Amino acid sequence: MDATELDNIEVELFVQALQRRHGYDFSEYAPASLKRRIQQLAEHMQCKTISGLIEQMMHQPQLLPRILDGLTVPASDMFRDPDMFRGLREQVMPLLASYPQINIWQAGCAHGQEVYSLAILLEEAGLYDRTQIFATDLSERALQQAEEGIYPSREAQQWSRNYQASGGTQSLADYYSARYNLLKLDKRLRRNVTFAQHNLVADSVFCEAHLILCRNVMIYFSNTLQDRVLSLFRDSLVRSGFLCLGLRESLDFASASTSFTPFDERLRIYRLNNHPERNLT
Amino acid sequence: MNRPQAIAIGCSAGGVDALKVLVGGLDARLEQVVLACCHSSSDTVDLLCEILGRVSLLPVIEALERHPAQRGTVHLAPSGYHLLVEEDEHFALSVDPRVNYARPSIDVMFRTAAEVWHENLIGVVLTGGNADGASGLQRIRELGGTAIVQSPSSAEMPTMPQAALNVAGADYCVDLSDIAPLINRLCLP
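Protein chains in written order, with my numbering: chain L, 16 to 296; chain G, 343 to 531.
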C-alpha cells in the first residue's frame, strides 16, 4: 500500500471520528482541500500522523474549537475583489434602499473582514440604520475574532487600495484606529451586526434575507453539499433577493441554481427568481 | 514506462515568455491534460490565455471550478486561487493562505496532481524567482512521476529551477527550447 492510500484512509477515519465524537460532518467537503487542511492541522498540533491527530481529538475535547478553526477558516481581506463591492455599491444598494428594513446574511464570515466592508458600504449608502446583518460561521473562534475586529496593520495599505477601487470616497482610515501593529475597526460598524454560529451542513433557515453573501465558502464543498446550501439560500431569500458568490465559483453542477438568475454574471451576483421552486417541507 | 496522462507546469518570474516557448512547442496530437501555474500580479489570466492561445496548437483556457480536466487542453490556474485536482480529475479552487508567498502555488497544484496521476504525471519547473514548486516536484517523483527542470543556465531567473534540482532532483534537466520536444516524445505513441 502506498503512502497516498494510507493518507486517504487516515483522512476518512478522521472525518468519521469527528462526526461521531463531536457531531460535525465534513464528509461532503471537497476532498483535496480538506485533506490539505487536516494535514496542516496535524502538523500545527505536532502530530506525526493524522492518526495522532485523531487521538488528540478523541481524548481532548477542549481542542475542538481549534480543530474546527483549522478546518474551516480561510484568510480574507477587506473589500477583496473591489469590482464586486463596486457592483454592490452602485447596482444593489439602490435596489435594497426600497425596503423599509433590510436583512443581510453573511454566511461563513470567517474573521469578519467582509462584514465590516459591507457595514461601511451600507453606512455610506445611508442604509445602515435600517439594516440588520447576520454574520455566521461554523467556527466559534473565527466569530470571536470577527467580533473583535482587530487585524494586523500590515494589511492596511492593500485594504485602502481595495476600498478606493470599490468606489469609496472617504479614507478607509476613518473607520479604524491603528495602534502598535494592529488596526481596530470602529465598533460603531458592528452596531447592527449579530454574530452567531451556524453550520451550513446541518442547520436550517433562520432569517428572511434581502441579500446573502457567501463568497468562497462553497468552493470547499462537494457538488452535493453546494446544492444543499444553495437550496438553503433559496429558502432564506425574499423574492428577487440577492446572492453574492466568489468570482470564480461555478453553479454549473447545482440543480438549485435554476431558482436564480444572474444579475451581474461576471461579479457572480444573482437574484432569486420571482417563482423559485421552493421545497415546501 | 506508461504513457503519461497529465503534464503540470510551474513558473514565476519570466514565466510568460517561457510558457510561450513551451506551450507553443506542444504537439497538436497530445491527449494529455496540461496544467500550468504561473505566478503573476494581475487579477485574471484572461490575457495569458490569449497570449498562449495565439502560439499554441492546443486550446488554452482558465481552469474552471468543479469542471473536469480536459485532455488535449492547457488549463491555467486562476489568479488569486490555489488550483487543486480532485481524485475524479475535476478541478477545485481554494483561497487558503499563500504558500511560498504565492496563490496560486505551484506546490499545491503539483501535490494534488501527483496524488491523482501518480506515475502518469510529468512535472515541469521553469524559470522563477523563488522556491515554489520544489517540494511539489519532490512529491511527484515520490509517487513515481517524471520531473523535468529547465536548466538554470537557460532560465531568465534560475532560482526556481535550481531550488527544484536541489530539493527534488530531476529525471531531465534541459534547456527551455528542448522541453516541448521532450514532452512530445514522452507523450506521443
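Bear in mind the hints are in silico, worked out from the structure with no lab data behind them.
Remember, predicted model here, so these are calculated numbers, not experimental data.
By construction, the Cβ of each residue, glycine as well, lies at the ideal position given by its N, Cα and C atoms.
One or more of the hints may lead you astray.
[What the hints assert, rightly or not] Here are the simulated lysine to any residue pairs, SDA-like style, with alpha carbons at most 20 angstroms apart: (1) L:K63 x L:L28; (2) L:K199 x L:E170; (3) L:K63 x G:S477; (4) L:K199 x L:S175; (5) G:K362 x G:C391; (6) L:K202 x L:A217; (7) G:K362 x G:D388; (8) L:K63 x G:R481; (9) L:K63 x G:E484.
[To be verified] Some, not all, of what chain G presents toward chain L, calculated at C-beta under 7 angstroms: (10) P420; (11) Y423; (12) L435; (13) S436; (14) V437; (15) D438; (16) P439.
Exercise for review: Starting from the hint list further up, note which numbers the structure goes against and sort them upward.
Suggested key: Of the numbered hints, just 6 does not hold.
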